[in-house]
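There are 2 protein chains.
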Amino acid sequence: MRLSELFAKTERRPPKNEESKNAKLLEQAGFIQKLSAGVYTFLPLGLRVLNKIENIVRGEMNKAGGVEILMPSLHPKENWEITGRWQAFDALFKTKSNFGGEYALGPTHEEVLYSLLKKHISSYRDLPVYIYQIQTKFRDEKRPKAGLLRAREFRMKDLYSFHANDEDRDKYYEVMKKSYVEIFKKLGLAAIPTTASGGTFSELSLEFQVASDAGEDTIYFCKKCNLAINKEIVGLNSPKCSNCAGPTKEIKAIEAGNIFPLKEKYANDFNLNFKGEAGKEKLVSAGCYGFGTSRVMGIIAEVMSDEKGLIWPNEVAPFTLHLIAVGESPKVKKAGEKLYADLIARGGEALYDDRAERTAGEKFAEADLLGIPLRAVVSEKTLEKDSVELKERNSETIRLEVIKTFLEKYDK
Amino acid sequence: MRLSELFAKTERRPPKNEESKNAKLLEQAGFIQKLSAGVYTFLPLGLRVLNKIENIVRGEMNKAGGVEILMPSLHPKENWEITGRWQAFDALFKTKSNFGGEYALGPTHEEVLYSLLKKHISSYRDLPVYIYQIQTKFRDEKRPKAGLLRAREFRMKDLYSFHANDEDRDKYYEVMKKSYVEIFKKLGLAAIPTTASGGTFSELSLEFQVASDAGEDTIYFCKKCNLAINKEIVGLNSPKCSNCAGPTKEIKAIEAGNIFPLKEKYANDFNLNFKGEAGKEKLVSAGCYGFGTSRVMGIIAEVMSDEKGLIWPNEVAPFTLHLIAVGESPKVKKAGEKLYADLIARGGEALYDDRAERTAGEKFAEADLLGIPLRAVVSEKTLEKDSVELKERNSETIRLEVIKTFLEKYDK
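Residue numbers (numbering that gives the first Met the number 0), protein chains in the order written: chain A, 0 to 411; chain B, 0 to 411.
Source of the hints: derived by calculation from the structure; they are not laboratory data.
Treat each hint with caution, since some may be false.
To be verified - Among the chain B residues that face chain A by a calculated CB cut under 8 Å, a handful are: (1) R1; (2) L2; (3) E4; (4) T9; (5) P75; (6) T107; (7) H119; (8) S122; (9) Y123; (10) T135; (11) D139; (12) D165; (13) D169; (14) M303; (15) K337; (16) L368.
Claimed, not checked - Calculated cross-link-like contacts (lysine-lysine; reagent style DSSO-like; alpha-carbon spacing at most 27 Å): (17) B:K62 with A:K411; (18) A:K337 with A:K279; (19) A:K264 with B:K330.
Beta carbons: idealized from backbone N, C-alpha and C, even for Gly.
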């Protein structure tokens, strides 16, 4: 993509109406734009990052046997009354039809999925099933001041697994745990599996926490085992690590994902049962596996950035290469255009700063702000050696590389 | 995908709580499931169709220079008061935060995009821009009884183009017209460009109408020119064709897309102006280009189906091949598994009915209901000739083809 085609402009300074680092950076760099507190538009670069995160998550869910669907956001009041959450769920947005009927705006989808599955599950032969969606969710947050970390409208992957018994559910829980570890590895994000409270559903859940001072959670972290326990379920003092019995450190962290057994709670509410092998009716046992895809975009901005701007991991960067032509001589312009065309022809993902009206300094500063992993510059000087000047966003080292060699890396 | 992995079951009979053909068929075949009036879940096969439709639309929007973003569904009341539509827009769902503030649930996005663009457009050099999204929209429809044709929650592509003058906007209007023609060609859907009222925005708009008795619109259609005029803007009698002056025929049709100039209406409301080349401030001139992606899924079900079930065009079919193994002999089972694996390895999109508990007749009936374009059967009989039996959904002809020849078509 050419920067000249990108309507979304960067700003010289962070926005004044944001408190959080992720929102300041992402807005200044033109990835997102605030509509109102906790409600953001994903601009072209931001949408590309979000799509990449969601495709990584989708790939791992598919590998784990997940089947993708898309559930609605308008949930009938009746469904939420069945679970008692029409009243009990604090952050529920509600709306009314002019023609009768009320809806909740879906913040989670048990109320929809359990009622949907009554048609499809009747025998042990119908189990297990693993169903997920990647979708927009709504929560009436009291203080939506943390940018993408705590928004009123946000994107999320939620998978629900349904089983004939608890053993099978526990087995799949381990499968999902591995999927989550794999997702964070692909995202290039260090996540700490953290034992936490299961809320109303179960004794325990497993959170994937990312260490950050911006976090709302306090966890006791064992670096050696990469494990932690959430402060909410321990006493006052730092506990020993549950694995190595070594000391833990108290740190702030942001929850990026959360998996926990729903057990038979909603199956009981919706009377979702099945005929077992012996012919006896049983309630379906379930697990729930959430992952905040837009929140993870915010987390990456929080923990992977410096005073100059964002630093995207390669796998989720909006583009993998930021190409800059410096100088307005016909020779440089022609070389820049040719290099861009050659990259695109090879399937490279390049953002090309082809704008004539900016100085080299402005272009470099903007490249740092946008945080694309690799910067390639063509100028009179580099062309003397048929080369591009390469610099990784995450390093100060600058090196020349012959254009031909550089392009060969993009050969399919 | 294996049918044994697909949790969503088909029904022997159409659902009783639906009136429209598209909902009856799509629900019976397990593509969608009703949550409440006008609110549907897209089940795995339905989501695949929806994604294919949206990707075709996305491809054409990108070709036309469109830049994709994702705007929120929670729109602050203040934005809708600026245009006067907080009161004037009939079908607006509204919700309140418990912490102050009201929102509209976005049925269209002028109120968001114009306010967003004030930051990005200030000079003629910032124009033109073409911005689109593919996203979930909400409308409080009075009678949501037409399945996906008139839903309360639905999917839509909306592109907005912004120009320095009307001539440039009119030129892009022609570009979009061609994009829409191309989209319908790719979808395999005959759409009739139809002159209609521009509503509050402009004298005229262009609708893309699909002939169907289920349609709510009446149009005067010239078959020779593939053009029509909507009854709403002509008098009582059939007018002549605007192109060839020949006779037109009164038919029922469903609107699948609609493009019209917004002119300066919202630029005026939001004071979205720019400095022209001569330094004078001017209002931005805009166009709006809508396309109902989930509605088009409903239209296809309405117009491409027979008494046995759905008939998907190849480009939007959930899979392009429906593979069936008939008989439970180890030889047939092995051949079916091998053929499925070979197809997948070649990048083929196959749905494999590997279920042991169904009869051949049940499997064939279900294949007709699902409407995948090509059915391939392996049985003792076909294997005697190392062949598969092929039948197109849209034809009664059955032919044998040697497996090797059949597979070669899927070679990448």
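Cross-check of the supplied hints:
1. R1: violated (11 Å)
2. L2: violated (12 Å)
3. E4: Holds, about 7 Å.
4. T9: violated (10 Å)
5. P75: holds (5 Å)
6. T107: Violated, because the Cβ-Cβ distance from B:T107 to chain A comes to roughly 15 Å (cut-off 8 Å).
7. H119: holds (5 Å)
8. S122: It is violated, given that the least Cβ distance between B:S122 and chain A is near 11 Å, above 8 Å.
9. Y123: It is violated, given that the least Cβ distance between B:Y123 and chain A is near 13 Å, above 8 Å.
10. T135: The hint holds - B:T135 has a Cβ within 8 Å of chain A, the shortest such distance being about 7 Å.
11. D139: B:D139 check passes; min Cβ-Cβ to chain A is 5 Å, inside 8 Å.
12. D165: Not OK, violated: B:D165 not within 8 Å of chain A, min 20 Å.
13. D169: violated (21 Å)
14. M303: violated (22 Å)
15. K337: Hint on B:K337: violated, closest Cβ of chain A at ~22 Å, above 8 Å.
16. L368: violated (16 Å)
17. B:K62 with A:K411: holds (23 Å)
18. A:K337 with A:K279: Violated, at about 70 Å.
19. A:K264 with B:K330: violated (45 Å)
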